[in-house]
Amino acid sequence: MTLILLLEQIFNGLQLGVTLFLIAAGLTLILGIMDFVFLAHGAQVMIGAYAAASLTALTGNFYLGILLAIPVTFASGYLLEFLLIRHLYRRSHMDQVLATFGLILFFNELIRIGFGPAALFSSLPASLSGFVTILPETPYPVFRLLVIGVGLACALGIHLLVSRTKIGAMVRAGANNEAMTAALGVNIRVLRRLVFAAGACFAGIAGMMLGPLTAVEPGMGEPLLILSLVVIIIGGIGSVRGAFIAAILIGVVDTLGRVLLPVILRSFMDQAAADGAGPALASMMVYILMSLVLVVRPSGLFPPKG
Amino acid sequence: MTLFHILVDGLARNRLLVVILAGFALFPIYTGIADLPFWNDLAMRIMILGMAAMGLNLVLGYGGMVSFGHAAFVGIGAYAVGISQFYGLDNGWIHVLISLLACGVLGLVIGFLSLRTTGIYFIMITLAFAQMLYFLFISLEEFGGDDGMSIDRADFMPIDLWEPLRLYYLIWVALLCVSLFLMVIVRSRFGVVLEAIRGNESRVEAMGLVPLRFKITGYVISAMICGLAGTMFASWQEYVSPDIMHWTRSGELMIIIILGGIGTLAGPLLGAVAFLLLEEWLPELMHVVAPEYAENWMIIFGPVLIAVVLFARGGLIGLIRRIGGGGS
Amino acid sequence: MSAPVLILDGLTKSYGALCATRDVSLQVAAGEIHALIGPNGAGKTTLVRQIYGSETPDSGTIRLCGQTVNHLSVPQRVRRGIGRSFQISNVLMGFTVFENAVIAEAARRGEAFRFLRPAFSDPALVEGAMAILVRVGIEGRAGTRVADLAHGEKRLLELALALAGDPALLLLDEPMAGAGPEETQHMIEIIARLRSDVGILLIEHDMDAVFRLADQVTVLVEGAVIASGEPQAVAADAAVRAAYLGGDDDAEA
Chain A
1 MTLILLLEQI FNGLQLGVTL FLIAAGLTLI LGIMDFVFLA HGAQVMIGAY AAASLTALTG
61 NFYLGILLAI PVTFASGYLL EFLLIRHLYR RSHMDQVLAT FGLILFFNEL IRIGFGPAAL
121 FSSLPASLSG FVTILPETPY PVFRLLVIGV GLACALGIHL LVSRTKIGAM VRAGANNEAM
181 TAALGVNIRV LRRLVFAAGA CFAGIAGMML GPLTAVEPGM GEPLLILSLV VIIIGGIGSV
241 RGAFIAAILI GVVDTLGRVL LPVILRSFMD QAAADGAGPA LASMMVYILM SLVLVVRPSG
301 LFPPKG
Chain B
307 MTLFHILVDG LARNRLLVVI LAGFALFPIY TGIADLPFWN DLAMRIMILG MAAMGLNLVL
367 GYGGMVSFGH AAFVGIGAYA VGISQFYGLD NGWIHVLISL LACGVLGLVI GFLSLRTTGI
427 YFIMITLAFA QMLYFLFISL EEFGGDDGMS IDRADFMPID LWEPLRLYYL IWVALLCVSL
487 FLMVIVRSRF GVVLEAIRGN ESRVEAMGLV PLRFKITGYV ISAMICGLAG TMFASWQEYV
547 SPDIMHWTRS GELMIIIILG GIGTLAGPLL GAVAFLLLEE WLPELMHVVA PEYAENWMII
607 FGPVLIAVVL FARGGLIGLI RRIGGGGS
Chain C
635 MSAPVLILDG LTKSYGALCA TRDVSLQVAA GEIHALIGPN GAGKTTLVRQ IYGSETPDSG
695 TIRLCGQTVN HLSVPQRVRR GIGRSFQISN VLMGFTVFEN AVIAEAARRG EAFRFLRPAF
755 SDPALVEGAM AILVRVGIEG RAGTRVADLA HGEKRLLELA LALAGDPALL LLDEPMAGAG
815 PEETQHMIEI IARLRSDVGI LLIEHDMDAV FRLADQVTVL VEGAVIASGE PQAVAADAAV
875 RAAYLGGDDD AEA
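Chains as they are written, first to last, in my numbering: chain A, 1 to 306; chain B, 307 to 634; chain C, 635 to 887.
Simulated from the structure, these hints should not be mistaken for lab results. Among the hints, erroneous ones may be present.
Claimed, not checked - With the C-beta cut set under 10 Å, the calculated list includes, among others, these residues of chain B facing chain C: (1) 315; (2) 519; (3) 589.
To be verified - Counterexamples of contact, computed for chain B against chain C with all Cβ distances above 12 Å: (4) 311; (5) 312; (6) 455; (7) 470; (8) 506.
Computed from a predicted model, the values in this text were never measured in an experiment. All C-beta atoms in this analysis are idealised placements derived from N, C-alpha and C, irrespective of residue type, glycine included.
My request is simple: use the sequences and hints to build the entire structure.
See the structure below:
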């Protein structure tokens, strides 16, 4: 394991981290502030990926595809909240779980009907397919660098939104307190819808960024959903800052773990067993980390104040 | 009150469940006459799934704990058989013992770690633990890893499971035991307090009781019931793989519970019937109504579930009650 | 009177910059009704929560029947002899009045962790449950689901459950809240009858009830005790008049 490879993996970890953050940011607010168990958040990732892929195919331009896909995902989140989600806020968590589970089934099947069950592979335009030398002798894919950049930019944007704007103050104050937000002159129903749509939008962006890197297929969002939940638990439900730190942490730990663990295992196991056990154990690592955090700090590392 | 009286009291209060159980007991007679042996297979699957759902319902319907971890316990119960057989242990009774023990211990650990939290935290944490176990079993190459392991029908001396209908009635007896057990404890002081905790934990505390003690106990019991279901499942399917413990399987159990009627004893069993029949018939229906989309019958299922959640929360039992004007 | 069932000594609690409880000391004797009054936000409920165990004081001791209970959890304190009725009715929904009492009775006997006998038809529990209901006079509504109870009846059940464990100390947090004039009278009579065995700490806004029931009154303003003693003396206290008693009948403001 050379230093160069290690660096490359760290960057990959950062890329996974920001991707997880994009997904977790919206979800932590939905879970923490609206107290709504939105299991179908992974579907938003999928919708974003498919929107970008099809709009790119339609317009023939990758950048245009993404630019157009962003309002599409925002709209999908907005519509979903308006049509269904808002009827479920008062229901028990169990009801929310089941309804959103039904949504997952529905969306996955809908995509399957519309685009077929096979994975789509989107190709990158020439401008993004190259490599960039980030350090001497270290070529790194331009696109992955872009993903990291987009992710950090979004993180900054969310931070500014939440901490500097009036809407952000409302959200922080707790979009759940009807009386208070009404007194502040904000329509809580619209606020919730916007938070929901924004969360969907960022999750969709994560999906769009993932498209060229992995396969765009039905159900692609669920594994990421689970990982985002771990991020949120570790970071603290309702805390965007916690989500960011936890996401980067998990992205790096998970990526490095998958690479390093087989190496470590190989030192006292035979090759085949090490290569087999490595990835699975690396997957478990994240949950073990989560369990440790839970034992020590049940409300996460950076629970929101108040 | 003697044990006999307690059981009779339980049976009298749960007439619908008794009817369903009797139905399952007599079912093979019908399939024998009508020459539909495949339906026995389906019935076994329904009984197993129903058993697992009844286990989850104890903590979910009565105790109000939305746990995504219970598919993992079903999986542990199934793997208990596979792993035991791997090491040359073929006695089915011992499999059951190992399964109950393993699920009991695991239920205690996971329950203890998870039940310190509530609400959304609890849901997410049980989900994460389920996934952790899923990945653990994928990584266990020795026991088949991703591909799973095949299982022989266990040796339940003196019963020979290869004789016709023996497995069917073994599963039925297990279901009967679980049903009787639940009938009794749901109405016992423990069960009633568990239900009280769901609605108002602080009042239960104000009575001098420690809610956590009851919740963990309920969790462990429900884990063991799911484990038993898993053990039966192993002999029925003659195969086990990590897929059985994926968190979406827990979601299926929850769907079954709500289809049948949450917080009732017969509900989960009725829900299992409905769920598996839907799974059989929806594709058929699609073939007739919209043949080009026959493969995508699942697209109906999602909205059906949402509709049930929005409009039919009492599930099938709620429906029966409204039509019959009351029942057990 | 008799030995104090509750001794608070120098209780202090702050939430960040807000000091909710300032060096509060008071005593409640067995057989005594001790009223705790004060304007809204004075910290009465916070104080009760510290006695009850759902909040921890920053400093000071809480002694129940002579034993320090600071380190005990809520259920542990309840078993030592505290009964609490909550300001907002905290009864077991989804059950009938009778079933509520049965569960309380099972808890009182330390027999809640049992798995066999059906709880609601167990003769031992039934007897005790009915006795609980008779004490406040709602045995006639035993079969009614809690959701169908009138507000005043819910408050009575709330009181019954607080009494169920045969506590030495009763913490009553505005038991009359939201009750009509008849129900209030009824409640006052019942509480007055309880005087013989139990020590009662009563938070109330209804001054009529306070002056009819209380043997001792403590006035809490902004977390501190500004007066404590017999009702007539407290009512005449200048500081109290200034801070709190604006007129004859204090409204529920």
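Here's how the hints hold up against the structure:
no. : hint : result
1   : 315  : 6 Å, holds
2   : 519  : 7 Å, holds
3   : 589  : 39 Å, violated
4   : 311  : 9 Å, violated
5   : 312  : 6 Å, violated
6   : 455  : 36 Å, holds
7   : 470  : 37 Å, holds
8   : 506  : 5 Å, violated
Violated hints, listed in ascending order, are 3, 4, 5, 8; each of the other numbered hints is respected by the structure.
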